[in-house]
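These protein sequence lines map, in sequence, to chains A, B and C.
Per this note's numbering, the very first residue in the first sequence carries number 1; after that it's consecutive.
Per this note's numbering, the very first residue in the second sequence carries number 330; after that it's consecutive.
Per this note's numbering, the very first residue in the third sequence carries number 853; after that it's consecutive.
Any given hint could be a false lead.
[As the list claims (entries may be wrong)] Computed cross-link-like contacts, SDA-like style, restricted to lysine to any residue with a CA-CA straight-line distance of at most 20 Å:
#1 B/Lys685 / B/Lys701
#2 A/Lys78 / C/Pro931
#3 C/Lys889 / A/Asn39
#4 B/Lys669 / C/Ala950
#5 C/Lys889 / A/Met44
#6 C/Lys924 / A/Ile67
#7 C/Lys889 / A/Ala49
#8 C/Lys898 / A/Met44
#9 B/Lys474 / C/Ala950
[Unchecked claim] Calculated Cβ distances over 12 Å to all of chain A for the following chain B residues:
#10 Asp391
#11 Glu613
#12 Leu615
#13 Thr644
#14 Leu667
#15 Asn758
[As the list claims (entries may be wrong)] Using C-beta positions, here's what the derived DEER-type ranges look like:
#16 B/Thr516 / A/Asp71: 20 to 30 Å
#17 A/Ile154 / B/Asp518: 19 to 29 Å
#18 B/Asp518 / A/Val289: 27 to 37 Å
#19 A/Ile282 / B/Lys670: 19 to 29 Å
#20 A/Ile282 / B/Thr663: 52 to 62 Å
#21 B/Leu671 / A/Pro308: 32 to 42 Å
#22 A/Val192 / B/Arg668: 30 to 40 Å
#23 A/Ile181 / B/Gly830: 37 to 47 Å
#24 B/Ala806 / A/Asp71: 53 to 63 Å
#25 C/Ala950 / B/Thr663: 35 to 45 Å
The hints are simulated quantities; they were obtained by calculation from the structure and are not laboratory data.
Bear in mind the structure is a predicted one, so any value in this text is a computation, not a measurement.
Each residue gets a CB set at the ideal place from its N, CA and C atoms; glycine is no exception.
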Amino acid sequence: MIDFTLIFRILVFPGFTFILLLTLFCDWLERKLEARIQNRVGPMVAGPAGILQPLADFIKLLTKEDIVPRDAKKTIFKFAPLVAFTIMVFATCFLPIDGASVLSASGFNGDLIVILALVTIANFLLFLSGWASSNPYGAIGSARVLTQFLGYDIPLSLLALTPAFIAGSLSIAVIASSQIIPFIILAPWAFVLFIITMQAELEKDPFDIPHADSEVVGGLETEYTGGKLAFLHLTRDVQIVFGAALVVELFLGGPYGPVFFGFPVFWYSLWFVLKLLAIVIITEYISCVFARLRIDQVLSANWRVILPAAILSLMLTVALVTWIYPMVV
Amino acid sequence: MPNNNIDIINVIETQLKDKVQIQLGQLGKAAIVTNNGLHRDTLKAMVEADEKTAISAITGLDLGANIGVYYHIRTSNAFLTIKAEVPKDNPKIQTITDIIPGSAFHEMEVADLLGVVFEGNPSPGRLVLPENWPEGVYPLRKDFKANEVKLSPPKEEAKLPDEVKLVKIIIGPQHPALLEPEKFAVTVDGETVTKVEPRIGYVHRGIEKASESRTYLQDVYLVERICGICNSIHACSFVETVEKILKTEVPPRAKYLRVVTLELNRLHSHLLTLGHAGLEIGYETLFQYFWRDREPIMDLIELTSGNRVYSSLMTVGGVRRDLKDSDIPKIKSTLSELRKKLPFYRQIYEDEPSIKARMKNVGVLKREDALKLCVVGPVARGSGVDIDVRKDEPYEAYGEIPFKEIVYTQGDTWARMNVRMDEVEESINIIEYAIDHLPTGPFRVKAPRVVPAGEAVNRVEAPRGELFYYVKSNGTAFPDRVKVRTPTFSNIPAFLKTAIGENIADIPPNFVSLDPCFSCTDR
Amino acid sequence: MANIITWARVKSPWVLHFNSGACNGCDIEIVALLTPKYDVERFGVKLEPSPRHADVLLVTGGVTQQCAERLKRIYDQMPQPKFVVAIGACACSGGVFAGCYNVVGGVDKVIPVTAYIPGCPPRPEAILDGVVKLLNALSPPKPKKQPKQEKPPGLPKEEAKPEVAKQEAVAPQEVKPTVEEAKPDAKQ
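Just chain A, same shape as in the assembly (with noise of 0.2 Å):
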């Protein structure tokens, strides 16, 4: 028998085609707060104060000419884009949206090690992509995300155990529904540096050095046109809702709130929204009032500062689960 729930499910909520919506949404949102920041408006004119402005790019991109340089290394260069996108779209599937993961059953102790596995994936898959270009500023572009990630993966899983510790658990939908009080406020510190590793993880200002066009022209982009343009950048634009719903899920109690009245579903899947904003507006924000430091910077405030602070944050967080804690609550 067809499980008709399971297939609403995946394809329309809380599945691909919410996680599309709402990834076009926090597109839409960033650009028309850049633009306010920056004392602009922002897109105006497609649909009601420009809400369809990422549709219209998206759509006037898959209808553009298709074109695969003499260089290239094909198969990598057309597969690749399309693939990341599908792993980060599958990666956001385990997130707990309107209180349980899209595949209802599918959560499990260990799969907050998963996904993060998954984002690797991608980031590699990224860099692929970039490399397949023969140019040499789709290059140095892959080359800078490859650096730039493979340093800050190490502290990002490390501050991610630091809710899994509070929780006692791996999996996400427990550390998610186990934050009666949200961890934002048992662990402020992890937090902050957790922000701070995921704008470097998602490439935004001021750690944005692989899509640092005077620099390097379009980065990894610099060759494609078309779909797998618009694939490139739905994937840059899913990793950041992903980004910032995995901050949701760890620190801020996931979709779980008060429920006032009718199906909790709704009231879970509003809550997440809601929190999943407020960190695209905190990120966003963060990125608008910076310059971007240059690579090197950015390593050395990786090893440094971030690491370092990474494991303290843990031992701190091991030190207060063991000792404080149960104290308290």
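Keeping the supplied structure of chain A fixed, place chains B and C upon it in accordance with the hints.
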């Protein structure tokens, strides 16, 4: 403490007595006519006597049987010209790059456009003309015919092997960091720059040649279009040079009105660069803010001249348009609005950690190097070299207007940007003073269309530094030779030097701190 | 479906700026378009770093000999459908530099041009107006509500040369009728 009171003419007279001929009062303070070979000795004597001796320009001109090579030299307190001539059938002259390293580009340009061979120049080759330009055709010689030039088909760009491709990055001609098409081949070792090879000339339009076939009045508008950013200063310098030949005295009101226009120009140019620097270091918000505050200045330019970009206000004998009294309150209120915003920007440059990380100690140009490479303008002033033509050799009304000369000593990108930041404030002061002390009377005098035979040089301080003009007239309505040396042309060697050994990510901020303008450089 | 595609194209023109030997006047005005006073992002216009991403190529300058080859290459690198806008008097015809020994004189001598925006330099409003007109020419004609394209007061006249526009029609099917739409404009 450097001695600023050297009598350079005296030095030359004592050292090279009877060997050179000194014509006082011509082409600057004096023109020194040297026989072949002695230009080097003269220059050596000058460099030894005065550390601030620098090359302003080398003018090459077709004198019929001979080609004249004029070295325009600035010292700490004077401006001189060393004249040398070479026969046209064997145009060879000794290089001066070993005495003044900053003269390499100047020599290459004369070699390119007039075919003078500078023996010993370290990098002979094309500078402004295309690679496929025919051999033995020199556009600035009088026998050159533009319609007979046949370019050989462009060579296929040699395909670099993969391993070379990754260490040699070609920046340009189309690149987001450059608004203009220029090419820099940057060799990198990892992320460290080991070599920068420039290839300029993508914007070379041949304006110096074109100006010879247009009347003086048409040339005012032609030279204005050398650069769309610092346009008024080009027009101003050209008309000043022509006025020197004509011996026309400009009425005082025109002098003040010119100052207002030039300073408005400087304001918009500096705000543009300060914002552009933000773009280069990925600080888009700063870029947007600066350009937002630049727009009112553009409105002022439109208010005073009728056009947003090209003011076209300068003309031989004065300005073309008077300032209306009813416009003065608007100018004043706009300027004081801008002045109120400056502390905010200054604070960003002082306190913002990511700006400091990207600009401090980036592209450090030491004072000795700045002197050696003959840099001008904010680049020199950011390295502690106090040269500003407005102070050194006041033109227009600058001698009567009090203002500060901004000098920073750090020599890095941050210092160069801060020089501009402070100059924005000085420019506001100058405009306000000029408007308050505007003399009454006519704003232009009638000048003849035909200019008597003669030659003159002129220096002004453009937003990017010292701008040099040389005009030679032959008694007709058309000039015989117009030579323009723009500030960026002098400043590029500084970039080539400071970029080496730095991170590749430092190239954009370092480069933009010179405020490069290639349409000026190539002409 | 075709309507949606046209809508997307009209609403999302990504531009690439190429200076083919201009004096910086037009170029600075193009950059000024991005800034708060004009803010072309309202119309979905984005300045892209790579020719591969662009839909519209904004060319300034009278095309020097060195730039001609490069301009052609950048045009070839752009994916279809693509449009070229010549900005400024120099890009339209060579301007004051027509006849100079190193200037080809006009973008249309090298690549097909869809729209011309004269002016020295054109005001940012004029550039904006030109790009928007070009895009509106893409939309399928609405039989009744065809407003007469009038010349905005004080702004330079817009032109679209039909013979050049036809070369442009290598573009896919949807665009073809719309480019010819620009024809009556030239007769004004």
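Exercise. Out of the numbered hints, which ones does the structure contradict?
Worked result: The structure breaks hints 1, 4, 11, 12, 20 and 23; every other hint is satisfied.
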